[in-house]
Each structure stands twice: as structure tokens, then as C-alpha cells.
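S.K.: Given chain A, work out where chain B should sit, using these hints.
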Amino acid sequence: QQQVKQSPQSLIVQKGGISIINCAYENTAFDYFPWYQQFPGKGPALLIAIRPDVSEKKEGRFTISFNKSAKQFSLHIMDSQPGDSATYFCAAGRAGNMLTFGGGTRLMVKP
Amino acid sequence: DTEVTQTPKHLVMGMTNKKSLKCEQHMGHRAMYWYKQKAKKPPELMFVYSYEKLSINESVPSRFSPECPNSSLLNLHLHALQPEDSALYLCASSQNRDSPYEQYFGPGTRLLVL
Numbered sequence: 001q002q003q004v005k006q007s008p009q010s011l012i013v014q015k016g017g018i019s020i021i022n023c024a025y026e027n028t029a030f031d032y033f034p035w036y037q038q039f040p041g042k043g044p045a046l047l048i049a050i051r052p053d054v055s056e057k058k059e060g061r062f063t064i065s066f067n068k069s070a071k072q073f074s075l076h077i078m079d080s081q082p083g084d085s086a087t088y089f090c091a092a093g094r095a096g097n098m099l100t101f102g103g104g105t106r107l108m109v110k111p
Numbered sequence: 001d002t003e004v005t006q007t008p009k010h011l012v013m014g015m016t017n018k019k020s021l022k023c024e025q026h027m028g029h030r031a032m033y034w035y036k037q038k039a040k041k042p043p044e045l046m047f048v049y050s051y052e053k054l055s056i057n058e059s060v061p062s063r064f065s066p067e068c069p070n071s072s073l074l075n076l077h078l079h080a081l082q083p084e085d086s087a088l089y090l091c092a093s094s095q096n097r098d099s100p101y102e103q104y105f106g107p108g109t110r111l112l113v114l
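Line by line, the protein sequences are chains A and B.
Mapping of the first sequence onto this note's numbering: position 43 corresponds to residue 43, and the numbering continues sequentially without gaps.
Mapping of the second sequence onto this note's numbering: position 108 corresponds to residue 108, and the numbering continues sequentially without gaps.
Here chain A stands alone, though its shape is the one from the complex (with noise of 0.2 angstroms):
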């Protein structure tokens, strides 16, 4: 029920590409969903996030797409560049309750 199942593992995307990382989560009861970047070396950063009320959210070339009938959210970067290269991690998370991260994915962007 705390499960959170991120995929895919790794990816590579070439320059101006749109990466597109996948999670699935199975407790109903989480309300809110995180997206955290982690560089080699260094703590997770938190990138963006969504509430179940809203089915996408924007900031810049970060999407954040929610499914709620299908327990999905998606994490979308358009025109991707190689600095965005990095670990993704998605999280669901509920008030009283800590984080429950998946399993993260590791992104190359070929230049």
C-alpha cells in the first residue's frame, strides 16, 4: 500500500528531446506528489510538485502530469538539455506521514 513503482530506471534523450519519467503509486490516501532532482554528489532538490486536485502543472520546461483514476503522475521535460542530466526521484506523501519515494531514474541527455 506504501509502494511507489518509478520507471524507467534510466533513459536517454538526445539534446532538444522531451524525457518523460513514469510512477505509479497504490494508497489512495496520498495528496501530494514531489518530484526531486538529485546531481552525483549531491542532496535531492526539490523540482516540482502536484496535488490530486489538478491534473498538470507547469513551471518552465517541467510538467507534471496526474492521473488520479489511474494512480499515475508523470514527469515531463521538454526540450531537454544536458544539464538536466541527473536522478529523478518521484514521491507520494500524506499529512502525518513521511514521504514514500520510488525508485529513481537516471537521466542522460546527449548533447
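Think of the hints as simulated: they come from the structure by calculation, not from any bench.
Among these hints, one or two may not hold up.
[Said to hold, decoys possible] Result set (BS3-like, lysine-lysine): computed pairs, CA atoms no more than 25 angstroms apart in a straight line: (1) B:K41 - A:K71; (2) B:K9 - B:K38; (3) B:K18 - B:K53; (4) A:K42 - A:K110; (5) A:K5 - B:K38; (6) B:K9 - B:K22; (7) B:K40 - A:K5; (8) B:K41 - B:K9; (9) B:K40 - A:K42; (10) B:K19 - A:K42; (11) A:K71 - A:K5; (12) B:K9 - B:K40; (13) B:K53 - B:K22; (14) B:K38 - B:K22; (15) A:K57 - A:K71; (16) A:K15 - A:K110; (17) A:K58 - A:K68; (18) A:K68 - A:K57; (19) A:K110 - A:K58; (20) A:K15 - B:K40; (21) A:K15 - A:K57; (22) A:K15 - A:K58; (23) A:K42 - B:K22; (24) B:K22 - B:K40; (25) B:K9 - B:K19; (26) A:K71 - A:K58; (27) B:K41 - A:K5; (28) A:K110 - B:K40; (29) B:K41 - A:K42; (30) A:K5 - A:K57; (31) B:K41 - B:K22; (32) A:K42 - A:K15; (33) B:K19 - B:K53; (34) B:K38 - A:K42; (35) B:K9 - A:K42; (36) B:K38 - B:K18; (37) A:K42 - A:K5; (38) B:K19 - B:K38; (39) A:K110 - B:K41.
M.R.: Leaving out everything else, chain B in the frame of chain A:
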């Protein structure tokens, strides 16, 4: 300011040493967390402090001892560690434990146990 600072950045210690990791935030957050992260894995929760009191201990071995001296500081005391404890140790904070949503992470301490 959403900064969480951690010291030291790197630490090498023997299995008989005693060392401490430090974490500091000045965002007025009342929940602070210690995570352990192995390579290519997500952060794994170790401890949660809420209003300076330990509220969650995720069955962490007693060789790890957390301490929260005040609302801005969080320490992790290390003693008699094993080589498998080598990892990136991350500190994080959020407004409070009931709203763990916006957790801000520090840069981590890279620990190597020899």
C-alpha cells in the same frame, strides 16, 4: 531561503571511531529528518524529529544516535560503524511533521567506513 547545510562534506572513519554529522536550517522548520542513501537508490528514512523530539526511529541500529539540541540543529552521532554503513547521509527539514510535503534536503555527508 530554503537552505539546509551539512558538515562535514566528506568523512572517513575507522570502525572504532566516534564521529558526528551536523545539520542546520534557518527556515523555522519544526521537523527534521535523517536519511541514508546508497548509490543508485532512493533516500531511506532513518529518524524524524518533530519539535525537537524524536518521533520516528526506523529500526536504526544503536550505533547511530541522533540528537536535536534546538529547533535549528540536528546531529547524528556515529560509533562503531560497519563498512556497510558507508553511504551518503542526508538531512532534510519541513515545516512540521504533519505536513511533510515540502522537504528540503541538505547536500549530504559522504561517509566511508574502513
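S.K.: For each hint given before, does the structure comply? Return the numbers of the non-compliant ones in rising order.
M.R.: none
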